[in-house]
Amino acid sequence: MMCERCQEEAVVHLAELVDGRRRERHLCAACARDAGLILPDTPLDLGIDEALQDLIKKHVGELVGELAESFCPDCRLRYMDFRTGGRLGCPHDYQVFGAGLTPMLQRFHGATRHVGKRARSRPGASLRLRLRSQLRQAVAREDYEEAARLRDQIRLKDQHA
Amino acid sequence: MTLDDLTRTSGEWLRGTGPESDIVMCSRIRLARNLADFPFTNRASRSEKAGIESQVKSAIDSAGLEVSYFDVNSMSNLDRQFLVERQIISRELAGGEGPRGVAVTPKENISIMVNEEDHLRIQYMLSGFRLHEVWDEINALDDQLEDDIAYAYSSSLGYLTACPTNVGTGIRVGVMLHLPGIVANKQIDKVFRALQKINLAVRGLYGEGSQAFGDFYQISNQQTLGKSEEEIIKMLTDVVPQVLQFERSARQDLITGRRQHLHDQVSRAYGILKTAQTISSEETMLLLSSVRMGINLGLIDDLAISTVNELFIQTQPAFLQKLRGSELGVEERNVARASYLRSRLSNGRPVEDD
Ligand SMILES: [Zn+2]
Ligand SMILES: [Zn+2]
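So the protein lines, in turn, are chains A and B.
So for the first sequence, the working numbering puts the first residue at 19; every next one is plus one.
So for the second sequence, the working numbering puts the first residue at 1497; every next one is plus one.
Since the hints were made in silico from the structure, they are not lab data.
Warning: the hint list may mix true and false statements.
Unchecked claim - Subject to a maximum C-alpha distance of 27 Å in a straight line, what follows is the list of computed BS3-like cross-link-like pairs (lysine-lysine):
| no. | chain 1 | residue 1 | chain 2 | residue 2 |
| --- | --- | --- | --- | --- |
| 1 | B | Lys1730 | B | Lys1770 |
| 2 | A | Lys135 | B | Lys1553 |
| 3 | B | Lys1603 | B | Lys1553 |
| 4 | B | Lys1603 | B | Lys1818 |
| 5 | B | Lys1818 | B | Lys1770 |
| 6 | B | Lys1770 | A | Lys135 |
As the list claims (entries may be wrong) - Derived DEER-like restraints, expressed as beta-carbon distance ranges:
| no. | chain 1 | residue 1 | chain 2 | residue 2 | range |
| --- | --- | --- | --- | --- | --- |
| 7 | B | His1757 | A | Gly103 | 49 to 55 Å |
| 8 | A | Arg136 | B | Pro1737 | 54 to 60 Å |
| 9 | A | Gln155 | B | Asp1685 | 34 to 40 Å |
| 10 | A | Ala166 | B | Thr1733 | 52 to 58 Å |
| 11 | B | Gly1767 | A | Arg136 | 53 to 59 Å |
| 12 | A | Arg131 | B | Asp1760 | 56 to 62 Å |
| 13 | B | Glu1827 | A | Arg101 | 30 to 36 Å |
| 14 | B | Ser1572 | A | Tyr162 | 32 to 38 Å |
| 15 | B | Cys1659 | A | Arg94 | 30 to 36 Å |
Claimed, not checked - One-sided and incomplete, this derived list gives chain A residues near chain B with beta-carbon spacing under 8 Å:
| no. | residue |
| --- | --- |
| 16 | Ala86 |
| 17 | Ser88 |
| 18 | Met98 |
| 19 | Leu119 |
| 20 | Arg125 |
| 21 | Val133 |
| 22 | Lys135 |
| 23 | Arg140 |
| 24 | Leu147 |
| 25 | Arg150 |
| 26 | Ala156 |
Don't be surprised by glycine CBs; every beta carbon is placed ideally from N, CA and C.
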C-alpha cells in the first residue's frame, strides 16, 4: 500500500471517523510526521507492522462491500459514479478505489504493475491536490476567508514545486 | 500562425515520404499525461481548468517549442471541425467544454491537446513507418514538459489517467495504413481479427467509431500497463510488416491478374476527380483511394502522392468552408469540392469557370 500523499510505501494506517463515515488513511513516515502525527524516530518494529497488516486483512471483506458507496476525499467521486461514467475524478482515486480497480486492470491490460518510463518524483504535488480540494469546498460553503488562506498556501507550494 | 494560415499549408505527415510510405501514411505516438495536483478534466472546475491550461502553456513556452496555441473554447464550431479533420484535435476536445485548447507546431508534427479527457494529450506524427524516430522525439518532448509539470504518477501504476484503460505508460502507438488491396480482395476482416487477437485495435481515419475513409486504417496498441514503451513499439514493428506484405501481394495479384481492369478503374477515378462538377465526400474518398494505389503501382505518373494525401484532408467539409470563408450546405459543398479538386489536379493551371 502506498502513502496517500506521495509515492513512498505507507507505514502508518489509520481508520478515523469523518462526518460519521469511516475513513482510512495510509501514510509514509515522512508524511505522517508532516501531518502532525507522533511517530517514533526508529522504524516501526515488526510486531506492530504485523498487527496492522492483520487489521487491514480483517477489513478487506468490509471494504469490498463498502466499495460501491465509497468516495474519494479529494474529488468526491463515488466508486459508483466511476462505474457508470467510466472516468476517474483525480489521481488519488487509483488508491481510494484500488480494490475495485485492480481486477479491472488485470482483465483489460493483463497486468497490474507499471513497466516502462518513470516520472520524476514530486513530493509536494499530492498535498496541493488536497489543498485544492479544500479550496473548492471552502468556496462552495462561501467561506472566503478560508479560501483566500488556502489560495495563498497553494501559491506558496507552487513556487516550491 | 493563425487558423486561416493552416488552409494554405499541410502537415509534414502528408508528404508521402519515409519508409514504406506507399502503404504507411504516417506513424504516430500519443502520450496521456495529467498534472498531479489537479482533479482530472471531467471533475475540474472552470477555474481549475484555466489553471491547468496556464500551467501547461507556460511549460510549453519554457520548453522553447515553436508552437501556436489555439483556444478551442472560444473557437467557432466550424474551426473546431477544421482541426478535427486535420487530425490536430480529437472530437472529444472539439465537443468538450470550458478552458481547453491545442498547441501545434508549424509542420503539424506535434500537437499538445490541453484539457481533453486527460490534462495533456501529447501527439507526435511523422510520415512513413518511423515509430522509433517518433518515440525518440516524443520521449524528449515529454521530458522537457516535465521540467515544469509535476505529472500524476505512481511507482506501481505508472502515469495516472482519467480512464484506467490508459494507465501505465499512457502511450498509444499507431500507424495509419492505406489498404485498398486487402479491401479489394475481401481479406480485411480476416486481418482485423488476427490483429484483435493480439490486442491491437483497428480504427478508421477519424478514430473510434469512424468509418474507414478511403481504405485508411489505424492500427494501434490497446493495452498500456505491464509493457514498456519499447515493448509496445516492438509489437507494432513486428506485426505491421506482415500486414504490409499482405497488402503488397494483394496489389500484385490485382495487377498481374487483371491489369487492364485495374488500369481502367484507376484512370476513370482520376478522370472523374479531374472533371466532376459536383461530388460527394464519400465518392471522393473512394476515388482518391483508387488514384493513390494507381500512383504506387505506376499506373499514374503525373501526380504527386503528397497531393493525393493532402486531398483526403482538404476535401473534408470544414476545410472547404474555411477556404470559401462561409458556411456551405451539402449541395454547395459538393460543388466547392469538385471545383477544388479540378484546380488541384490540373497541375496548378487555372481551369476555374465560376
Ligand atoms: Zn508520504
Ligand atoms: Zn479523487
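Exercise for the section: Of all the hints given earlier, name the ones this structure violates by number, lowest first. Expected result: Result: hints 1, 6, 8, 9, 13, 15, 16, 17, 18, 20 and 26 break, sorted rising.
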